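Protein chains: 2
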Amino acid sequence: MASLQDIATAASINLLSATGFLMAFAILRLQPFNDRVYFPKWYKKGIRSSPTRSGASASKFVNLDCRTYFTFLNWMPAALRMPEPELIDHAGLDSVAYIRIYLLGLRIFVPLAVMSFAVLVPVNWTGDTLERSKDVNFSDIDKLSVSNVADGSHRLWAHIIMSYVFSFWTFYVLYKEYGLLATMRLDYLASEHRRPDQFTVLVRNIPPDPDESVSEHVQHFFRVNHPDHYLTHQIVYNANNLAALVAEKRNLQNWYTYYQNKYERSSKRPMTKTGFMGLWGNKVDAVDYYTSEIQKLSEEEAAERERVSNDPDSIVPAAFVSFKSRWGAAVCAQTQQNRNPTLWLTEWAPEPRDVYWDNFAIPYFELTIRRLIVAVALFFLTFFFMIPITFVQSLANLEGIQKVFPFLKPLIEVESVKSVLQGFLPGIALKIFLALLPRLLMTMSVLEGYPSLSALDRRSAAKYHMFILVNIFLGSIITGSALQQLKTFLEKPPTEIPETIGEYIPMKANFFITYIMVDGWAGVAAESLRLVPLVLFHLKNAFLVKTEQDRSEAMDPGCIDFPVNEPRIQLYMLLGLVYAPITPLLLPFIIIFLAFAYVVFRNQIINVYDQRYESGAAFWPDVHKRMIISLIISQLLLLGLLSTKGIGKSSFAILPLPVLTIWFYVFCKGRFESAFIKFPLQEAMIKDTLERATEPNFNLKTYLKDAYMHPVFKSTDIEKPDPLVEEEDRPLVATTRIANKQSPSSSSASSTSSRSHT
Amino acid sequence: MASLQDIATAASINLLSATGFLMAFAILRLQPFNDRVYFPKWYKKGIRSSPTRSGASASKFVNLDCRTYFTFLNWMPAALRMPEPELIDHAGLDSVAYIRIYLLGLRIFVPLAVMSFAVLVPVNWTGDTLERSKDVNFSDIDKLSVSNVADGSHRLWAHIIMSYVFSFWTFYVLYKEYGLLATMRLDYLASEHRRPDQFTVLVRNIPPDPDESVSEHVQHFFRVNHPDHYLTHQIVYNANNLAALVAEKRNLQNWYTYYQNKYERSSKRPMTKTGFMGLWGNKVDAVDYYTSEIQKLSEEEAAERERVSNDPDSIVPAAFVSFKSRWGAAVCAQTQQNRNPTLWLTEWAPEPRDVYWDNFAIPYFELTIRRLIVAVALFFLTFFFMIPITFVQSLANLEGIQKVFPFLKPLIEVESVKSVLQGFLPGIALKIFLALLPRLLMTMSVLEGYPSLSALDRRSAAKYHMFILVNIFLGSIITGSALQQLKTFLEKPPTEIPETIGEYIPMKANFFITYIMVDGWAGVAAESLRLVPLVLFHLKNAFLVKTEQDRSEAMDPGCIDFPVNEPRIQLYMLLGLVYAPITPLLLPFIIIFLAFAYVVFRNQIINVYDQRYESGAAFWPDVHKRMIISLIISQLLLLGLLSTKGIGKSSFAILPLPVLTIWFYVFCKGRFESAFIKFPLQEAMIKDTLERATEPNFNLKTYLKDAYMHPVFKSTDIEKPDPLVEEEDRPLVATTRIANKQSPSSSSASSTSSRSHT
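For the record, the sequence lines run as chains A and B.
Quick note: the first sequence uses the numbering used here, first residue 697, plus one each step.
Quick note: the second sequence uses the numbering used here, first residue 697, plus one each step.
The following block holds chain A by itself, in its conformation from the complex:
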């Protein structure tokens, strides 16, 4: 049992380590040679160019201006300064909605913390149960929690009433936020410039026709059934092979550049081996080898390109159908076309860069089977993942390794190697598993057959959320594997489950506070440092970069890792909601995490991340749903805890809360959800009318012609996706602003001052 002092010590240690990360971040980001690691977003937009090209030679690489080091936290206010509308313009609605999750948390938990400390902490503190019980095993932290209130005491009514207040406040904030996000999304869609996906519908499960090609069939069908609105369509090729060839070619080109650079620097022809990864095989001249390999692959690629475009078998029974107006597309996306609802399935086309090209050709029956299998697999993964890991761990001891790989025996018997292995092996299987888990979940989502990256991300997040809920939240409370938990739950009466968990809750506050500090605070600080991209960028810069374009390609701005980050935030939200009426002391730690993460991620989306797609905050209904799930869990656990406190039937006073929460969920779903799924005809009509008035002669057909072409067909070069190209054509708000504000001081070399403003 930790005392308040212990917690304070732990907090200061973690604060120090976080501050260390921040210091490192502040110093690294001020160095011009790291500019492309910490400000890639601006390079991608074409607003910023390499500082290495201009200015004094020393300040090209190292920042020598001492004053900038003293104000090392300056980036924080700078990150907060950009107003939200401008931020949406700069980074997209997805990113803004994502950081609003932290804001949502702050809106909920700051008032909750104030109320808890004003009402519940005094009630708990003066409860005196722990002191009277003469149990030395209590601490100040427990004196602040509900454990300090006597069983059967009327003081517990304070907790019941406060849990109502907390829930209603959460309802209020969630409702406001959902409404705001729905408005933001609709405004965003309304304010946007013309985009191909506004006019386009993705049609899947096109039935085969014996007399017509897919393209003719699509054209006839939509000419007949949407006669006034159909404009054109684009068929989808199965270009998976071709895409693989293109990727391989790019890889070979990288090697070629690497050896070419090496040759130029050392002026000695580098050699390589032809086998796997250059590890074995014949020794050949590297530059010549890769030149010929690239040549071979280019021919292969051309042949494959030819085959795909001419072979009718490589056409997938799916198409992107475009309409003359947004109204026509909105109608087609929302209606059923054929009497068989599993054929001619229509839905809004994702943005061109959001399309996941491999998932278009799955028939309905196979799709449902796949989802069944994935659901069952997810269940087993969540509850039984410890079984294979324990098995692997039992193998991964020294004797096991000696048996399987007898030739390693002499190595293992070296004392120093042995001790390292013994400390390292037991945890490694679990750690590898946890690191691979997001990728595994993504693969499962891909199997489920969603046609866009955004949908895949949302589905993966849902899976990860379930895993965290069961294995981290419940797993930490009831120590033991998920499998054991499942057994416990199945063998206990449903009313006793919340009791069992509720009983453990106050004892675990301590653990979770440490968890928030280690995983939350330090994790966010590490995120800002971007250690992996930093190292990778400098490696690439050293070996692969020749031209300015190579350098931009070496930049890895990354993007918000939604399927991993969002479920993690939800865990903190859940902890906050669960502990608000039980151990209010936990709340400040969560608030610090949320505020800190908000600033860091705001900085990241302004300066670093380059989003892969823009879904218009389509994930918000999921965020809302998971908050509701957390709320219900917290209410049930409080109910369970109170029913162990001997106040008899009074604990059932909480029972209406979950019912109300479910009602609230249904209410919000009906009120807001369709803003994220459907597109109202009125909005479409307004935008159509406006556009017809301003640009009566615009040739939409030409505009849409190649919008939904598989990226490998567009060209062999890397090409920026359409929306970005367009964005650059328009005067970007951020650009003007920087230009205005910076005109007196900054023009070329002293990029530091402009940095502190961005």
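Since the hints were derived computationally from the structure, they do not count as laboratory data.
The model shown is predicted, which means the values in this text are computed figures rather than measured ones.
Watch out, some of these pointers could steer you wrong.
Same chains, same names: a pair is fine if it fits in one copy or spans any two.
[To be verified] Straight-line distance between alpha carbons at most 27 Å, and here's what the computed BS3-like set of lysine-lysine pairs gives:
(1) K740 with K1401
(2) K1374 with K1114
(3) K1020 with K1383
(4) K872 with K1114
(5) K1020 with K1374
We have chain A; now place chain B onto it with these hints.
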């Protein structure tokens, strides 16, 4: 414990009573003076006219043709003879889909019974456990059930395998039937003649506009947002007051006719009292009194009619919006109009006669609150209804009555009255409650705010199904009130609940067999007899009927009581699925019930019922869903039962079944459900094109002008709904058929022979 012989005795008694009902039915229906009770459908269609007007005077009332009495079951093959397409034409798709529920049951249970008797009965019979246990308390019935198999025996694998076979067979039949119904519905919609609801969309939650009336607002909104398709609209008046006045006036007119008749027969001026129900108040001349009352009410009605049509406050924020084509209506019904998804809500307009006029003006927030309240109320009604009833019962003893109504004391103390009351009172509260339950559930559904009678019926059926499931099925297995059950369930581990129930299941087979015979067999036979309409018709005929039109009004054809009947069938289905692997002996009883009910209801929909509305089998997804629920219950109970039979983990071999069943449900939902909710654009387009080609000059606007007028505005006379008027204009298939077949023998008086053919 009943032996096979006991069951046989009970069966023969019930068969006899059912036969008695059928005899009475056969005799009564052959009497010409009952013709309007047993053949009202034909009168409503105008195909049959009163036999009392033509022919010999004695045979007008009593059938003297002895031969017809010997063939008293002739109506059965007659009822089966009409082919299905003709039946759809004659009675509508709703009725046909309803009797297909029985057929579905037969398709499932006949093969199940054959398989059970072929495989499971021998396995059970040779199990010998009960004989060896020297427990005298067993009977032949138990020897046929799974109780006769030893604990831990490998024979139980037969039951596990058979439960898979049963489930897969049920899947197969359900899938086929769902597909067939979806096709039937789409064909029905496609083959139908022009109907107002094909072009019309119901718009609700029209936001108020400060500058425009509702009508103008609707017109502007749809002119702008559906410019090429909007045709016209009809606003909805709040005419509830007016409807009440009209109803009252009709009631007064009945009394007037009654006294007029009395006067004409006795030539003495009848007197009445002006107070409630004519029981007290001043004595006045009845004919004069009612004449003046009707006069007064007519004036009041005219004033109200004036007020409603002119007062803007009596306009409800809802409207029926009609489009130029089915395509336009289908688009509007399936899309979202406004950015606020709770405003401008559009859905397919129900048929004019299906509209429930009182539920149009409920805002979204109120609607969700109402549904929450109804859901909570339903929960309490289902689980706690015994509390008030027990309370009333405790009051309703003789002492209680004496206390509350002391003036009744002398009456109660008469010995004969006392004994009757003592036998009668305890059950009466429960019986009254159960009789009123369907009406109560309907009121709850009305509160939920559905805008059509068909939707109300579907919702009520869902509520009644839940009530039956908890209180009749579970209540009979675990004797005790639902409240006690709930407590048991909450306090037992979830894995033990199926075990607890499963254990009781084999013992209750006997009870359920009796239940099927008494409630099922006898109930269906009673349904055919139509005792209440029979008595009411003759009473009305004696006192109220003057003209031929009066006589048609006195006819009460009734209709399928879907919200009561369908959940009851589902109970039998559930029993069949639960007992198929446990006590196969129950299956023949269910099969007899289903076959018998099928014939009786087929006769009723051909000759008697006049459906109130036609929803195109929109209830089928509910039927399917409830079958799935029954299937899952049966699988879980079998799992529970097997886990008490000591075969250890082998009982978990059943666990994949519920998962598969849920998958099957999701699969079918995606595959078929939208056929019952949406209307594919392709179908709409085909029909539009066809119609434009055949009737290019049809004036749709005139046709739709008054289609969705509140019935009280149409005229003060009773008016047949539009579709029926139309149907009579077309040559009805049944008519030609009768004319062809009957031409030699029947023309006027001998209506008996034509009856046996209809």
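Here is how each hint holds up against the structure:
1. K740 with K1401: Result: close within a single copy only, 26 Å intra versus 61 Å inter.
2. K1374 with K1114: neither (61 Å within a copy, 69 Å between copies)
3. K1020 with K1383: Both: 13 Å inside a copy, 24 Å across copies.
4. K872 with K1114: neither (59 Å within a copy, 66 Å between copies)
5. K1020 with K1374: Intra 19 Å, inter 24 Å, cutoff 27 Å: intra and inter.
Against the hints set out earlier in the document, violations occur for numbers 2, 4.
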